[in-house]
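K.L.:
The lines below spell out each chain.
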Amino acid sequence: MKILVCISNVPDTTTKVKFKEENTLFDDSGVQWIINPWDELALTRALELKEDAGNSVDEVSVIHVGGAQTDVTLRKALAIGADKAIRIDACPADAYSVAGQIAAYLKENPFDIVFSGIESSDYNGSSVGAMIAEFMDYSGVSSVTSVAFEGDELILYRAIPGGKQKIKAKIPLVAVVQKGIATEPRIPAMRGIMMARKKPLEVKPAIEMQILTKSVKFEMPEAKGACKMLDAEHVEQLLELLKNEAKVL
Amino acid sequence: MSVIAFAKNWNGKFKNSSYELVSYTKNLASQLNTKFIIVSIGEVKEEELKSLGKYGAERIISVNNSQMNTLTSRVYAQVISELAEKEGASTIIMSDNESGKAIAPRISVKMKAGMVAAVLELPITINPFVVKKGAFSGKAFEYVQIDSPVKVITIAKNCFGLKENQVDVSIEEYAPQLDASLFKIQVLEEEKQTNRMDLADADIVVSAGRGMRSPDNWGIVEELAAVLGAATACSRPVSDEGWRGHEEHVGQTGKVIAPNLYFAAGISGAIQHVAGISRSKCIVAINTDPEAPIFGVANYGIIGDVMDVLPKLTKAISNSK
Ligand SMILES: Cc1cc2nc3c(=O)[nH]c(=O)nc-3n(C[C@H](O)[C@H](O)[C@H](O)COP(=O)(O)OP(=O)(O)OC[C@H]3O[C@@H](n4cnc5c(N)ncnc54)[C@H](O)[C@@H]3O)c2cc1C
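Listed in order, the protein sequences are those of chains A and B.
Under the working numbering, the first sequence has 139 at position 144, and the numbering climbs by one with no breaks.
Whatever position you read off the second sequence (first residue = 1), add 112 for the working numbering.
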């Protein structure tokens, strides 16, 4: 059984975002790039599934759509433990085109399970995974907080408002995963970093894909007014303000 | 040219987010100078469907099929796309929740329709079609243009509010032809915390962080939540430590919420935490450290010990009732 994990390359979560060219482009100067946090958890869970001898997972690969500058992030995924990395050499213009590129690869190189993160922490599109499922005509389960094998089938938990559902699904399947899927993301160890140098990082040419949406402009949120400080001994003042000033009580 | 919106129900009941969706759609349809249809999938009683009329839903198409009570994204996407084609809809809308996230991308692929998730307002312009959304986990806004003839958007919770507009409702039933092979996932069981208010729906949220020092101290958080009719939430280390369940974790890697009122008790206000709460209408911070970054995003602040301030707040609220 083979698992493919989709990887998005995103700015470190502490990045102070800036824009350039009249706020039409993200200014990536000085930005540290990381594996999208959910994708990192997905990769961690995929590796756990592979290591559990009771399962018959023999390959965990990662795939990414992006330019050569993102190879560092893919090497990190290899260092964490992925067997192979695939980079489709295209600018990730919108979710539709990214999913289309990944689906084109999958059609040539089938995988049984595809993991994708619930959203990418940069443009917060939250749609690549479900789009891949549709391009491939696969089943999909979203908001997945846990995944395990039961024979050749999968048992997944899906978060729903106020609770969760236990779901049984057949492969092939796309699981869009979120918090809970793994406890802690794995970090590369020295041995992993050494081994990653020898692992395959395949670069594939992009296919022709239509781009349906485009970013036109960015804007920073308005600066917030000063915080009104209140006395801990007179909490009724706070209640008064919440009722009559903020009108939220 | 019309607009079609999918109003999700939960066990046959609509929520405020469903009504907000109707309000948004009605206003978008008038902006586009066209008609709109609300689609409901799964068993919903006529009376409940009619409740959408309070927000302007004149025409509802109901797929009243018990086989479709739980979400199978493939099936839902198929039905909605079918209806969109039949009705000649050019804009397809749903709420940005667990079902919208699963269905909208599939419709986008089926109909070759550009999609934008978690839109925050009515389109800024309709020709070209440009919508505003959050980017970089709440640190910025992005304006995105959809160039395809058919457009799919999901709307962020509390982005528009409820706008009452009572109308007479006409309900049509629709029975799609469904291939059994589409139902490949099977829901075995459902676990629900029935006694708890759901975080995503709550107007008021009481959230607490590592400043609580021990999971044993959470009683005062729950008591304050109880008198306010609020949901409880927590910061990431609190859920990572297992002090509280994962479902309470808010922030960049947890839930993104937009309540009217958010209490941050003993939470430092790290950038990743704020990413999940910055759309709250009003934020109250309680922290011993006057330099804590949470005061930089809060509307009201109290410098003090949570162990002292939370019970005082609970008492003051109970007294004022
Ligand atoms: C990739 C990544 C993703 C992340 N995602 C998230 C996320 O989604 N959500 C999230 O919350 N965090 C996230 N974090 C973690 C984040 O950086 C912070 O570490 C975390 O939010 C801190 O939690 P806290 O405020 O509870 O704890 P601390 O930062 O330890 O803050 C505790 C606060 O309590 C105050 N305090 C202590 N005692 C008292 C008292 N008696 N009374 C009142 N106040 C008191 C202290 O002054 C302090 O401000 C993420 C980090 C990374 C690297």
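One or more hints might be untrue.
As the list claims (entries may be wrong) - Straight-line Cα separation of at most 27 angstroms, DSS-like style, residue types lysine-lysine; simulated pairs:
#, chain 1, residue 1, chain 2, residue 2
1, A, K219, B, K198
2, B, K198, B, K222
3, B, K224, A, K199
4, B, K198, A, K212
5, A, K161, B, K198
6, A, K163, B, K427
Claimed, not checked - Simulated coverage check for chain B against chain A, where a stretch passes if three residues somewhere in it have a Cβ under 8 angstroms from a Cβ of chain A:
#, stretch
7, 113 to 125
8, 169 to 175
9, 210 to 220
10, 257 to 270
11, 296 to 302
12, 328 to 337
13, 366 to 378
These aren't lab readings, by the way, just hints derived from the structure by calculation.
Source: prediction; values computed, not measured.
Glycine residues also receive a C-beta, built at the ideal position from the N, C-alpha and C atoms.
K.L.:
For every hint, state whether the structure bears it out.
P.N.:
Outcome of the hint check:
With a C-alpha separation of about 47 angstroms, the suggested pair A/K219 and B/K198 falls outside the 27 angstroms cut-off, and the hint is violated. Restraint check for B/K198 and B/K222: the C-alpha separation of about 14 angstroms stays at or below 27 angstroms, so the hint holds. In summary, the hint linking B/K224 to A/K199 is supported, as the alpha carbons are separated by about 24 angstroms, within the 27 angstroms threshold. For the hint linking B/K198 to A/K212, the alpha-carbon distance of about 34 angstroms lies beyond 27 angstroms, and the restraint is violated.
For the hint linking A/K161 to B/K198, the alpha-carbon distance of about 35 angstroms lies beyond 27 angstroms, and the restraint is violated. Distance check on the hinted pair: A/K163 and B/K427 sit about 47 angstroms apart at the alpha-carbon level, beyond 27 angstroms; violated. Under a criterion of three residues with beta carbons nearer than 8 angstroms to beta carbons of chain A, the stated coverage of the stretch 113 to 125 of chain B fails, only 1 such residues being counted. Remark: the stretch 169 to 175 of chain B is not confirmed as covered by chain A, as 0 of its residues place a Cβ nearer than 8 angstroms to a Cβ of that chain, below the required three.
Figure legend: the stretch 210 to 220 of chain B, annotated as covered by chain A; annotation consistent (8 residues with Cβ-Cβ distances under 8 angstroms, at least 3 required). Chain A is given as covering the stretch 257 to 270 of chain B, and this holds because 4 residues of the stretch bring a CB closer than 8 angstroms to a CB of that chain, at least three being needed. Counting residues of the stretch 296 to 302 of chain B whose beta-carbon sits less than 8 angstroms from any beta-carbon of chain A gives 7, enough to reach three: the coverage restraint holds. Restraint check on the stretch 328 to 337 of chain B versus chain A: 0 residues with Cβ-Cβ distances below 8 angstroms, three needed, restraint violated.
Counting residues of the stretch 366 to 378 of chain B whose beta carbon lies closer than 8 angstroms to any beta carbon of chain A gives 3, which reaches the threshold of three, so the coverage claim holds.
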